Amino acid sequence: MFDIYGFPHVSQKDKSSRYLFLGDYIDRGPFSIEVITLLFAYRLLHPQKMFLLRGNHESRPVNMQYGFYNECKRRYSVTLYETFQWAFYCMPLCAIVGGRIMCMHGGIPFGLLSLEQIDEFQRPTDIADVGIPSDLCWADPVSGVVGFQDSPRGAGHVFGEATVKEFNEKFKLDLIVRAHQVVMDGYEFFADKKLVTIFSAPCYCGHFDNLGAVLQVATNMECTINTFGHDLSAAPIKKAPAPAQVAAAPVTK
1 MFDIYGFPHV
11 SQKDKSSRYL
21 FLGDYIDRGP
31 FSIEVITLLF
41 AYRLLHPQKM
51 FLLRGNHESR
61 PVNMQYGFYN
71 ECKRRYSVTL
81 YETFQWAFYC
91 MPLCAIVGGR
101 IMCMHGGIPF
111 GLLSLEQIDE
121 FQRPTDIADV
131 GIPSDLCWAD
141 PVSGVVGFQD
151 SPRGAGHVFG
161 EATVKEFNEK
171 FKLDLIVRAH
181 QVVMDGYEFF
191 ADKKLVTIFS
201 APCYCGHFDN
211 LGAVLQVATN
221 MECTINTFGH
231 DLSAAPIKKA
241 PAPAQVAAAP
251 VTK
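With full-length UniProt numbering as the guide, the letters of the sequence shown map in order to residues 1 to 253.
What the hints contain is simulated information worked out from the structure, not anything from laboratory work.
Certain hints may be false.
[Unchecked claim] Pairs of lysine-lysine residues, derived as DSBU-like cross-links and limited to a Cα-Cα distance of at most 30 Å, are as follows: (1) K193 <-> K49; (2) K165 <-> K73; (3) K193 <-> K170; (4) K73 <-> K193; (5) K15 <-> K73; (6) K15 <-> K49; (7) K170 <-> K15; (8) K15 <-> K253; (9) K165 <-> K193; (10) K172 <-> K253; (11) K165 <-> K194; (12) K170 <-> K73; (13) K165 <-> K15; (14) K193 <-> K172; (15) K194 <-> K172; (16) K194 <-> K170; (17) K253 <-> K194.
Please read all numbers here as calculations on a predicted model, not as lab measurements.
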């Protein structure tokens, strides 16, 4: 966890701190079982402090293909794999922090009429290739795109800068926080800092020379991005926009 044992840049002094993870806990290396089991254990031990969102790899069609199925089958059993799938089916797709920051793995969804609409999707369920749940797990920001367009990934949509700004204004949000894409600095802003991609795995899969990053939200909603290398060495601290409402526990949907 935290590439495996912790972010030294996240203060441990404040015992009231809460942790929100944005998905894709498996299919990335030979220890997926250990990573997801540890996260689930922390969630059970600290249900008011640990929040786990669902990524596109917490879906059977994806993790059947990208390694998790074979890892479970080789090391334990297909039964264990199926048990994990049922846990994934129950995971929330997004979270709202302080009423002003919306977090998800993928991106903003096409066709969303209200934030409450997300609560209407029944769990347990897997993720289809189209629809609001699909976009929350699969969608990507792409410069120059007008509105929403079909994604080359084959699931979800891509969306442009103006769409992010319209979405935030419509739902009275200050910031979208998402993951899903490797970014070399560990974070990357989009749409005049109305959206930020956070990627917390440095030296991704041993094939990239990227930094990792974690976003901290203070009680006054000031956002700070801390970046780090594979050896957990500190990199310069970067600050994100500071929304203007008091922080609260993430409301998962």
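Checklist entry - Is the straight-line distance between the alpha-carbon of K193 and that of K170 30 Å or less? => result 17 Å, holds
Checklist entry - Regarding the pair K165 and K194, is the alpha-carbon distance no greater than 30 Å? => result 7 Å, holds
Item to check | Pair hint K194 and K170, alpha-carbon separation not exceeding 30 Å | outcome: Holds: K194 and K170 sit about 13 Å apart, inside 30 Å.
Checklist entry - Is the hinted pair K15 and K49 satisfied, with a Cα-Cα distance of at most 30 Å? => result 9 Å, holds
Item to check | Restraint status (C-alpha distance of K253 to K194 at most 30 Å) | outcome: Answer holds: K253 to K194 is near 21 Å, not above 30 Å.
Checklist entry - Taking only the CA atoms, is the gap from K73 to K193 under or equal to 30 Å? => result 43 Å, violated
Next on the checklist: Against the 30 Å threshold, does the CA-CA distance of K165 and K73 hold or violate the hint?
Outcome noted: 45 Å, violated
Checklist entry - Given the proposed pairing of K172 with K253, does the C-alpha separation stay at or below 30 Å? => result The given pair, whose Cα atoms are some 17 Å apart, holds under the 30 Å limit.
Checklist entry - Can the restraint linking K193 and K172 be considered satisfied, given a maximum Cα separation of 30 Å? => result 15 Å, holds
Next on the checklist: Does K193 sit within 30 Å of K165, going by the straight-line distance between their CA atoms?
Outcome noted: 10 Å, holds
Item to check | Satisfaction of hint between K15 and K170, Cα-Cα up to 30 Å | outcome: 35 Å, violated
Checklist entry - Is it true that the CA of K15 sits at most 30 Å from the CA of K73? => result Given that 30 Å is the threshold and the Cα spacing comes to 38 Å, the pair is violated.
The structure fails hints 2, 4, 5, 7, 12, 13 (numbered hints given earlier, in ascending order).
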